[in-house]
Amino acid sequence: MSPAPPIDPPVPPRRSRWGVLLGIGVIAAVLAYLALSGMSNALVYYRTPTELLDLGESAIGQSVRLGGLVKPGSVHGPATDLTFVLTDGTNEVTVHSSVAPTTSFREGIGAVVEGEMTTAGVFEATQVIVKHDENYVAPSEGQLPSQVIDPGT
Amino acid sequence: MIATGGHVAVVVGLAATLFAAAAFALAARGDDRGKAALGRRAMIAAFGLAALACIAMVTLLLTHDFSVRYVARNNATTTPPFYSVISLWAALEGSILFWTLLATGWAALVLHRYRDRAPTLMPWVGVTLALVAAFFFAVMAWPGDPFVRITPVGTEGNGPNALLQNHPFMGLHPPLLYLGYTGLAVPFAFGVAALVTRRTDEAWLVIVRRWTLVPWIFLTAGIVAGAWWSYAVLGWGGYWAWDPVENAALLPWLTATAFVHSSMVAERRGALRIWAHALVVATFVLTLVGTFLTRSGVVESVHSFTASAIGPWFAVAIVATLTGALVLLVWRLPDLRDTRPPGGTVSREAAFLFNNVLFLGITFAVLFGTLYPLIVDATSGERISVGAPWFNRVNAPIFVALLFLMGVGPALPWGGARWPTIRERFAFPSLASAALVIGGWAIGLREVAPLVALGLAAFVVTVMGDEVVRGAHARARSRGEDPPTAAWRLATRNRRRYGGYLVHTGVCVMAVAVAVSATLASDVTATLGPGESVRLGAYTVSYDSLVIEPLSDDPRVTETRAELTLSGPQSGSLAPALRDYPNSTTPIATPTVRTAIGEDLYVTLLAYDPANRSVTLHLFVNPLVVWIWVGGVIVALGAAFAVWPEPRRRPLPAAAGA
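The listed protein sequences derive, respectively, from chains A and B.
Using our numbering, read the first sequence as starting at 8 and increasing by one per residue.
Using our numbering, read the second sequence as starting at 2 and increasing by one per residue.
Think of the hints as simulated: they come from the structure by calculation, not from any bench.
Misleading hints may appear alongside valid ones.
Pair by pair, the computed Cβ-Cβ distance ranges are [unchecked claim]:
1) R269/B to A39/A: 29 to 37 Å
2) T133/A to T541/B: 22 to 30 Å
3) W25/A to T520/B: 32 to 40 Å
A short, non-exhaustive set of chain A residues, derived as facing chain B with CB atoms under 7 Å [unchecked claim]:
4) A42
5) L60
6) V82
7) A86
8) T87
Just so you know, even glycine gets a beta-carbon here, dropped at the ideal spot from N, CA and C.
Let the hints inform the model, and build the full structure from the sequences given.
Structure, rendered in structure tokens:
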């Protein structure tokens with residue numbers, strides 16, 4: 008058997024209970040602080056081009072996932088300096104990306120880009136995700152592709 | 002014919018589980034051994050029927066019987082036999098069938114093993130397990146029928162989900178995870194039985210701790226295997242992304258782990274008994290929540306099965322279980338009072354209590370982050386997701402605190418500690434910890450996370466090592482054994498404690514590996530023409546040629562491979578690829594990973610241009626990643642050591658337990 012640790016005389020329960028409760032309180036407070044203070048920055052909103060444009064100036068700098076169809080004829084530039092237009096049928100947003108999308112990226116396909124709107128009115132993408140649904144149906148106006156698979160997950 | 006047989010097996014299985022539930026209920030009322038035996042046989046029959054249904058499904062998949070919808074959607078004539086077999090759990094209906102097989106298997110095993118050992122508890126355990134199994138059979142009989150036929154019958158099926166047929170690990174990760182998930186119904190059943198029969202003493206805890214640890218081993222292995230799969234298949238260079246479904250597997254793991262700890266206090270000191278019961282309930286409910294999240298289409302995730310009608314069934318089951326269990330718990334609250342006064346602030350009890358508070362803290366945080374998008378969507382219609390940085394920010398400090406407690410807890414005496422004891426036990430580990438941090442700093446480590454992880458890991462391991470050495474030494478002296486024999490006998494006579502130490506060692510290994518790989522990884526993206534090369538750290542990767550050809554074992558799949566030559570600390574040829582499956586619009590990444598003890602070189606092919614043969618590569622140097630898997634194996638081995646059945650021997654004198 009392992010050596011029994013020397014048994015100290017028990018500390019009076021009254022004092023000890025406060026210590027434990029204080030510990031729990033501190034843990035809960037720190038946790039709540041960490042959870043709530045970081046929340047607003049950590050949220051990523053899914054938006055359609057119409058929703059994004061409706062936000063106007065306030066959308067600038069906000070982390071967003073923008074979903075739509077890659078407008079035919081709008082894709083320009085090499086893979087690492089790519090410009091294209093995403094549309095939801097009503098409105099369109101020009102997207103610039105310096106990260107290469109996967110091979111299946113092409114005109115007319117559904118795509119989701121993650122990034123933020125810049126003051127120049129161009130959406131700067133840090134990630135281009137091609138829709139990963141086998142039974143893909145083009146989104147109707149104002150509606151997002153229902154199943155987006157993030158390659159980062 | 003076979004499909005009809007499978008369907009009949011499901012329906013009869015439902016009848017058998019309902020019969021078992023009724024028999025056990027009658028047995029409980031009348032204390033009737035005969036009826037309990039009847040219920041037990043019905044559960045074993047239900048297991049047999051679930052096995053028959055699974056065999057039927059596997060046969061249908063192997064014979065490519067496209068008259069069955071599940072086969073038509075998840076199989077093709079060209080699917081290799083291995084992937085046909087594992088397609089049993091590749092999609093919604095089949096996975097529920099497989100789940101039912103495992104759930105009834107655990108139930109039959111436990112009911113059989115404990116038939117004579119806990120006669121008062123067993124009828125209620127039987128009722129609970131039978132009802133859980135009946136629920137899954139009912140789901141298959143109505144909304145999630147795996148044997149539904151379709152007409153007209155096609156000559157070719159859709160093939161399995163491309164992501165799932167790209168790596169043999171799919172044969173390992175889901176079964177391990179499901180074994181864990183389904184096994185956690187067993188402690189829940191014992192918890193219910195203990196509350197109903199008011200046998201809330203230590204006896205049920207002994208059974209339940211063992212039967213929480215057994216599924217816990219599988220759940221842990223399943224989660225680690227899942228991370229490994231994500232790393233080896235998805236091609237993004239990472240292994241954990243706080244994806245809703247990863248979280249769904251983590252949640253019951255967290256509460257089960259908390260239970261394993263608080264049950265020790267409940268058993269030894271008669272304290273934290275409400276916690277123990279509540280955690281058993283929470284763990285089971287969270288396994289249902291996990292199933293619900295994965296299979297109802299409410300969350301968007303790499304794991305989500307197609308949206309289906311079974312969501313409401315699970316929602317009802319979750320609410321019913323939670324309500325029933327809470328009512329039971331409140332009703333029996335007077336029986337669950339602590340039987341002894343609580344320990345001091347600096348005592349082992351307190352360490353366990355803080356451990357539980359922290360585990361619950363992570364559980365709430367993860368649950369909140371996972372469900373928050375659903376709440377926002379339901380209330381404001383905004384679609385959002387909570388990013389991984391939030392999860393890291395909230396959870397990292399808690400994990401640090403848990404690591405600290407892992408070192409402190411085992412060395413603190415029960416009841417309360419005085420300053421001299423504290424000084425005596427922690428002086429050396431604190432020095433070792435400081436030495437390692439300074440050493441890390443000296444070799445140029447500047448990131449906070451690895452330094453903290455390293456320091457705490459050193460602290461924990463030294464505390465445990467110190468304890469083992471002292472114990473072995475004392476035993477060697479008093480019994481005249483040589484030290485290694487003494488250490489081995491000490492460990493095998495006290496499996497729970499030393500198995501736990503091994504688990505903690507594995508966690509320390511993982512913690513350091515995670516902290517280092519998360520902060521010290523480097524990567525580069527480059528587009529190369531033939532003959533060009535790219536450097537990352539000490540590695541040089543040069544691009545030789547692009548090969549596009551059908552896969553040898555499945556000609557419907559086209560593989561595009563970039564043939565590369567690697568030089569540096571490791572050398573040789575690499576061939577990251579993209580595979581185009583006929584049923585997938587997106588090519589599936591097939592990254593190449595070169596693993597060494599210190600770091601992995603991870604190369605993934607992002608894109609290629611067939612016109613000018615250029616390729617875009619993403620290279621990562623991921624330090625210590627292999628140690629995450631090694632740590633996971635150590636954790637599983639340690640837990641297996643802890644639950645390994647001890648040879649029957651005469652009970653030791655009461656004073657022997659430490």
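Hint by hint, here is what the structure shows:
no.	hint	verdict
1	R269/B to A39/A: 29 to 37 Å	holds (32 Å)
2	T133/A to T541/B: 22 to 30 Å	holds (27 Å)
3	W25/A to T520/B: 32 to 40 Å	holds (38 Å)
4	A42	holds (5 Å)
5	L60	violated (16 Å)
6	V82	violated (13 Å)
7	A86	holds (6 Å)
8	T87	holds (6 Å)
The structure is inconsistent with the numbered hints 5 and 6, although it conforms to all the rest.
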